[in-house]
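These are the residues of each chain, in order.
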Amino acid sequence: EADIYQTPRYLVIGTGKKITLECSQTMGHDKMYWYQQDPGMELHLIHYSYGVNSTEKGDLSSESTVSRIRTEHFPLTLESARPSHTSQYLCASRRGAVFGETQYFGPGTRLLVL
Amino acid sequence: GDSVTQMEGPVTLSEEAFLTINCTYTATGYPSLFWYVQYPGEGLQLLLKATKADDKGSNKGFEATYRKETTSFHLEKGSVQVSDSAVYFCALSDQTGTASKLTFGTGTRLQVTL
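Just so you know, the protein sequences line up as chains E and B, in that order.
Reminder that position 72 of the first sequence reads as 165 in my numbering, one-by-one numbering, no gaps.
Reminder that position 70 of the second sequence reads as 63 in my numbering, one-by-one numbering, no gaps.
Calculated from the structure, these hints are not laboratory results.
Values in this document were obtained by computation on a predicted structure and should not be read as measured data.
Just so you know, even glycine gets a beta-carbon here, dropped at the ideal spot from N, CA and C.
Hints may be right or wrong, so weigh each one.
Sample of chain E residues facing chain B (criterion: CB under 8 Å; computed from the structure) [as the list claims (entries may be wrong)]:
#1 136
#2 195
#3 200
#4 201
Coverage of chain B stretches by chain E, computed from C-beta distances (three or more under 8 Å per stretch; other residues unrestricted) [to be verified]:
#5 53 to 61
#6 65 to 74
Let's have the full structure, built from the sequences with the hints guiding it.
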């Protein structure tokens, strides 16, 4: 059973607000990822991290930013939310150099920006 | 680059029917292949995986065989249940990169009726 947590699970906010989506894992995994899932279900990688103090942009450009100050924590921040940011955000993690290892996913945060 | 092509949904089946969801891939290296399942309101869970040619992954009655000659990883189940209703994602992980990113298909929604 994967131990990866996301808070909040649901968030409704107004345009222009700053928000932070939390993601934590207790498995000691080096690699962590953020995905954006659109209503059509498709998953897009927006950020990832190799380990502490490492962050990279993903395949889909995003106005969000991330940080990795601790191994277990990988928060995502939107400085000024807009309706176009409405989506589901999924966090994932995996062990470092293990061939064939899976990514473990959190339950997701469903964001609605009004 | 790497890509995954997945059967379009939705797929609607009666309980106890046979299920096939087609998945083909393009990759430059020797990828690991995965099937993930997403139940309503949840994150993704690993259903099964295969890490080399001719491997068969299996779990909860689902099976998929890594076919390198046809670059396919089709998901099958002999008798579906209503509880199998979910979205299924085929994915690959190219092990040559250090990021170990997953490339997902677009997802196939399965609806099983009584």
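Tell me the numbers of any earlier hints that the structure contravenes, in ascending order. Checked against the structure, the hints that fail are numbers 5 and 6, while the rest are satisfied.
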